[in-house]
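Given chain A's structure and the hints, the job is docking chain B onto it.
Line order of the protein sequences matches chains A and B. Take 323 as the starting number for the first sequence in the working numbering and just add one per residue. Take 6 as the starting number for the second sequence in the working numbering and just add one per residue.
Keep in mind the hints are simulated off the structure, nothing from the lab. There's no promise every hint is true.
In silico BS3-like pairs for lysine-lysine, Cα to Cα no more than 27 Å straight-line [claimed, not checked]:
hint, chain 1, residue 1, chain 2, residue 2
1, A, 500, B, 117
2, B, 196, A, 500
3, A, 542, B, 194
4, A, 482, B, 194
Just so we're clear, the structure is a prediction, and the values are computed from it rather than from any experiment.
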Amino acid sequence: MPGFVEWGLELIRRASSDLSPDVEAAVRKGRDAEPAGTTARNVLDSILTNIDMSRTGKTPICQDTGLTTFFVHLPRGFDAEQVRADLIEAIRQATREGILRPNSVHPITERNTGDNVGIDLPHIEFEPAVDDAVTIDLLLKGGGSENCGAQYRLPEASIKAGRDLAGVERCVIDAVHKAQGQGCAPGILGVCIGGDRAGSYMGAKKQLLRRLDDTNADPKLAEMEARLLETANKLGIGPMGFGGLTTLLGVKVGWMHRHPASFFVSIAYCCWADRRHRLVVRDGVAQVL
Amino acid sequence: MIKESIKLRLPASEDTLRSLRIGDEVLISGTVVTARDMAHKYMVEQRPDSLRDILEGALIYHCGPIMVADGDGWRIVSAGPTTSAREEPYQADVIETYKLAGVIGKGGMGEKTSAGLKKSGAVYFHAVGGAGTLLARCVKKVREVRMLEEFGVPEAFWVLDVEDFPVVVTMDSVGGSLHREVLQASELKRKELLGL
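Excised from the complex, chain B in its bound form:
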């Protein structure tokens, strides 16, 4: 059976976000904000209110894009996801503090984030790792950038308008995690293959 992709427009209602389930293939349109290692540490340790206007109702995208200065603005060249696991200590807190719709990343996250998604009614979306060109072309506008001087290009907050950005729900708001399922199944397989 071939599933149809679900179109999701941001900001979305909590009901809409809570209706998504692991395995759903989704095309996202709306605002996403890149944030990775330095950004998560900064958000949790300093809780800047100055980010609320760009983050509320948006998705954080674990991504350090390649950007090229273009006149007064910026051109996005390549923008696939980075590994999300590094933000595990911070993510649930960041989702709740900034009222995020969720995050986009790769590789999945752990139990603390899973509990946070459940509590906040948020979703973890997985983009295809390494698909830098394809995903950059889904960005229709580079709105603005914050903390560029302090964090550098890969780690700054880039505010991006995306259209039909392709992702898969791999962690949902009812506690489901495709990563947990695959880990458990492959662990049984590992033990069988190694005779442990």
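So here's chain A without its partners, still in its complex pose:
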């Protein structure tokens, strides 16, 4: 009977080669908005061709498959250490098959472990499941986009950002400007308001698991997401930073309670290749969504 090694491997294959339809639709919408004959449109056409080729050929959309990050929801009675061991085995197999690039470098010796396994690699966040299904979300995002992440501490006088939601929005626009095309624009932003330094960054990254076509349950944040997307796209940075109308494909905002003294705004920048899929296992039957 197949288990988490086989299921994990299938999840990794899908995430690496088969871009979610909501992300592809957003790229297509951006492509249609750019005037014919512009480099911006040509870039988005190449991206769409690449998405199609990768899905058909089952090859990695991007060679930078990032630091493998799993978000696991585990019902009572499951052995988290066994799931971890199985996911590690799946990663080793995926790396051998050329679905993942070996991205685990020892920072002191500079040696690459060659198998994507190392200290905190893969990164796995375990949480209790709300029902009896196991869900595993996998996010693959490249290092170039990870480097474009940012954290602000309000107030931030240089951009006239106060300790309020208007200040939050100013941080986001500033971060998009700083990123230019470096994170493989058009990008997708996960934003977290509040939390402590570490939690806030992870909260921002978790927002990247949301579908681009969903609507924030909080109407105020839903409005903020739409406004930030529209405003950021006025910066004119465009695909790859070549100039154009499509600088971002989406903005997703969440929050955490904060300390009275701390007001962090954390931004996770994801390249257009927002490679995420979800594995759901219920009664021993697995499905990759």
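Structure of chain B alone, referenced to chain A:
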């Protein structure tokens, strides 16, 4: 107006390279050599002459590909560009030392590289970031690899023969930089949007 892509075959003359301008869409055929972070540090700090045979007249490609061992050789699976900015301290020196035609990368580079391109008559070409499958299919042959043991797969020097590899000139040999232009225009926009 839809521009026709320019076909560029390597090695190219200095005149040909100097005739390219930012915004030109180019299809490259010839030899490119991948080199990224460890490779640039190594080239500048140790200046190995052993790399001259593969680098002179070629393009360095900022890329850490996915490779799969295939019989005696290697199969390239996914090979888009990586962010070039990290090589800014080294690039101008590397271009001059190894007589490169230029580099392929993404995200653009800074003023030091721009000055280096002008001096050496070299060009910065931008490939589409994330287009790993599409760009790997433009590689017709994996010729050889150097420093694989020392640097690992993503950071080794992979010598690749490419055909009609699609890029855009974003920094040219007369000091032009599309990245500088977009940065300046978007900075004005940022100030306007934030009322700064």
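Status of each hint after checking the structure:
A threshold of 27 Å between alpha carbons decides the hint, and for residue 500(A) with residue 117(B) the separation of about 19 Å falls inside it, so the pair holds. Distance restraint check for residue 196(B) and residue 500(A): the Cα-Cα separation of roughly 13 Å lies within the 27 Å cut-off, and the hinted pair is therefore satisfied. Among the hinted pairs, residue 542(A) with residue 194(B) is consistent with the structure: their alpha-carbon atoms are about 25 Å apart, no more than 27 Å. Proximity of residue 482(A) to residue 194(B) is assessed by CA-CA distance (about 16 Å); at most 27 Å being required, the pair is judged to hold.
When the structure is compared with the earlier hints, no violation turns up for any of them.
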